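Colleague: Below, each chain spelled out in residue letters.
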Amino acid sequence: MTIVQILIVAAAALFWGLVMRERGRVYFLLIASTLVIFWLQPSLPLRGFDFWIPVATLIITVFSWHITAAEESRREKKNWITAGILACTILLLNLTRFLPFVSLLTPSRPPQIEITIAILFVAGLTLSALSRLTKFSASFWRSPLWVTAGLLLTIGLFLLIKIPDLSYWLVYFLRSLTGQDVFSSRITDFRWLGFSYVAFRIIHTLRDRQMGRLPAVDLAEYVTYVIFYPAFTAGPIDRIERFIKDLRKPSALGNDELLIASQRFMLGLFKKFVVADALALIALNETNALQVKSVGWMWIVLYAYAFQIYFDFSGYTDIALGIARLLGINLPENFASPYLKPNLTQFWNNWHMTLTQWFRAYFFNPVTRWLRSWEKPLPAPAMIALTQVATMLLIGFWHGVTWNFTLWGLWHGLGLFIHNRWGDMTKVRAGEWAVTPFRKSLLNAVGVVVTFHFVSLGWIFFALSSTSTSMQVFLKLFGLR
Amino acid sequence: MKTLNIILKGLSLFIILNLLFAFFPPAMGKLSAYNILFPGRERLPFGENSAEAYNLSLFDLDAMFASHKINGDEKQDDDFRVILIGDSSVWGTLLKPEETLAGQLNSAKISACGKNVRVYNLGYPTISLTKDLLLLSRALEYQPDLVIWLTTLEAFPMEKQIASPLVANNEESLLRLANSSGLKVDANDPAFSRDSFWESTIIGKQRALADVFRLQIYGVMWAATGIDQVYPPDYEPAQTDLEADQKFHGFEPPVLDKNSLALNALETGIKMAGDTPIVIVNEPMMISAGKNSDIRYNFFYPRWAYDQYRSMMSELSLKNNWAYVDLWDAVPAGEFTNSAIHLTPQGEAVLTWKIAPVITAACK
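First to last, the protein sequences are chains A and B.
The first sequence begins at 0 in numbering that gives the first Met the number 0 and counts up by one.
The second sequence begins at 0 in numbering that gives the first Met the number 0 and counts up by one.
A portion of the hints provided could be inaccurate.
What the hints assert, rightly or not - Taking lysine to aspartate or glutamate pairs in the EDC-like style, the calculated list, with each CA pair at most 16 Å apart, reads:
1) B:K204 with B:D188
2) B:K114 with B:E158
3) B:K1 with A:D255
4) B:K1 with A:E256
The set of hints was computed from the structure by calculation and includes no laboratory data.
In this text, all values refer to a predicted model and were calculated from it rather than measured experimentally.
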């Protein structure tokens with residue numbers, strides 16, 4: 000997001016907070032978020048797709064609500080009204096293609112409206128057919144099969160976007176569908192803004208529905224949760240039960256709230272646009288990785304990357320938290336001084352916290368429980384190694400299913416396992432040694448330095464797509480090249 | 000009320016700071032991390048692709064000189080300090096710092112007056128005598144023992160003088176120079192980029208301030224890589240097939256009107272240098288053998304204009320007792336890169352051995 004885009008969405012939130020107060024908050028957020036996902040979607044060379052991708056986001060969200068919602072809730076009038084509002088917003092946006100000022104709210108001129116109407120019609124028809132199915136066969140509809148299908152489809156879409164080869168074939172297919180030159184296909188032709196976060200919010204609701212712990216939410220609340228505009232592009236990944244609590248709570252933007260929200264917002268702007276953007280000029284990248292001449296400067300370039308990624312991401316989070324607060328939503332924290340943590344486990348408890356919590360809830364804990372339930376469970380170290388490496392590999396894949404993210408996940412998975420074993424082995428001895436406050440502080444400081452360097456070395460895989468370049472950087476850092 | 004108070008206080012402070020900045024502009028450019036945290040640059044900052052060149056073009060002369068290594072090198076008793084000024088051929092387009100004329104002269108380890116010759120590259124892309132003069136006025140503060148001013152006819156036309164963005168954006172410095180040295184400058188020239196009051200505030204100067212800040216940040220990459228420009232794997236070579244065009248910047252044959260050339264800038268520079276010797280060098284250029292090369296030497300010059308320029312410079316140097324070296328054809332045509340004045344490293348080596356004796360001789 001550019002600073003201008005951020006200032007505009009912040010101004011919209013401030014306007015609502017100061018002028019509208021509590022009036023129609025859910026519908027304001029629903030419409031504003033819908034407009035923002037169209038507005039922020041990057042322009043694509045695939046004809047019409049920078050309009051249809053946000054449409055697809057909305058359709059998928061509505062379908063996933065339909066799967067997760069209680070039977071009686073699905074038929075409620077207010078939900079049909081919400082669906083109508085969404086359809087009208089999409090159509091009105093599509094109609095801007097006839098306005099003289101091109102692409103005010105969309106990245107390019109919207110496509111022909113007939114196609115959009117057809118898409119919405121088919122989506123509506125399918126939804127209606129599914130509703131009828133429910134009527135005739137309530138037990139069939141309640142079957143977990145639907146939720147499982149929803150989960151698989153969301154994961155499938157996610158993989159389609161994250162695996163470069165699949166993305167290429169998707170672009171190839173879409174280009175042939177739209178009659179464009181297939182030989183110019185590039186994976187960057189298809190960029191689905193915010194889908195990583197949308198998918199994880201949807202999976203969370205589907206899985207909670209499966210477990211029977213999803214609260215009842217109407218369509219407007221559900222869509223607002225999934226595409227909530229302050230958190231759409233960079234998180235955090237809130238939990239729906241927490242989100243709707245704030246959404247339903249009366250919200251008045253008082254002085255204190257305004258002050259806290261503004262401070263958070265300004266801090267975020269400073270972190271992102273001053274610190275992170277300045278560090279970006281000297282941070283490790285594919286080009287400078289091979290240009291840096293000495294060991295010392297190689298470390299500085301790596302440190303610059305470590306701090307740049309932190310300030311960039313935590314800056315965006317602060318901006319999101321600040322804007323959300325203006326709207327009466329207290330989004331969860333995503334970072335808590337991660338680089339000051341004395342071990343890797345604590346680092347991951349404080350870095351992109353909502354993502355790690357998500358993986359803990361929906362992968363690590365269930366898999367650990369499952370492994371423990373075996374008749375002959377694996378030895379504890381093997382179980383820890385397996386679950387931690389698998390979790391971190393998945394977190395790596397969340398960023399992209401490529402070799403560099405695989406290595407990054409593996410690096411952290413093994414690091415967590417080694418820390419776990421090391422901690423177990425040295426806990427008693429460390430406790431005996433660190434008896435004075437000075438020794439405790441010293442132990443903590445050493446832990447912070449070692450953890451920071453471990454994480455920084457891991458960033459090499461994250462920053463560089465080429466494994467051989469990563470290896471060259473490693474060698475250079477230790478004076479071996 | 001509390002929030003309103005904070006907003007009002009913040010706004011007032013911001014306005015006051017902006018006004019103070021506009022009324023008493025601080026010399027922000029003098030604050031530099033170069034020569035302290037990072038080594039000084041081998042040449043003045045210039046670059047259009049900052050992200051890859053780790054360099055950028057800015058117009059703050061203080062910042063430009065503060066980033067140069069000349070600003071950090073204390074002159075030693077056994078140093079014979081030589082400063083090169085001129086255009087992109089001196090700055091070294093497409094050349095690594097060690098391949099430029101200054102770099103190669105330093106590698107040659109020559110001595111003059113029993114001292115070690117240390118050459119500093121203060122060339123700057125864009126061709127204008129007035130731009131050279133502006134840089135010379137700053138360069139003289141660094142106690143040079145010799146100034147070598149490489150130039151070419153393209154730097155002489157009046158219309159080129161203020162067209163250089165560095166000159167256009169340094170109106171105040173240039174007018175001050177004109178007042179003190181007799182340089183003829185039209186203060187009302189529309190080419191000058193003048194700041195309104197609004198443009199003098201922090202908000203108005205945000206781009207310039209950001210450039211100074213970015214220059215400091217790029218110091219890290221300069222120190223880490225030694226790279227200060229983009230070296231493309233290939234480039235379009237200088238044009239050898241030429242248009243049958245006799246014109247040169249509005250001049251038409253048969254006479255190159257002396258009065259329409261910025262000779263005053265050259266005279267002012269020599270006068271300004273005082274006791275510091277200046278050698279004027281007519282820099283090498285590509286002599287094309289392609290289509291219409293009987294009419295033009297290269298993309299820049301029709302033969303008639305350039306021949307008259309050479310005669311004029313010889314006459315003027317004799318008449319005024321200027322130290323003048325004409326190296327117009329010193330480098331073979333194959334040793335030019337993307338322009339008729341940009342040399343290959345081998346071309347610079349040829350030039351180096353033509354200039355080295357000039358430096359040695361300057362001691363006399």
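Colleague: May I ask which of the numbered hints given earlier this structure violates, with the numbers listed in increasing order?
Modeller: Those not satisfied are hints 1, 2.
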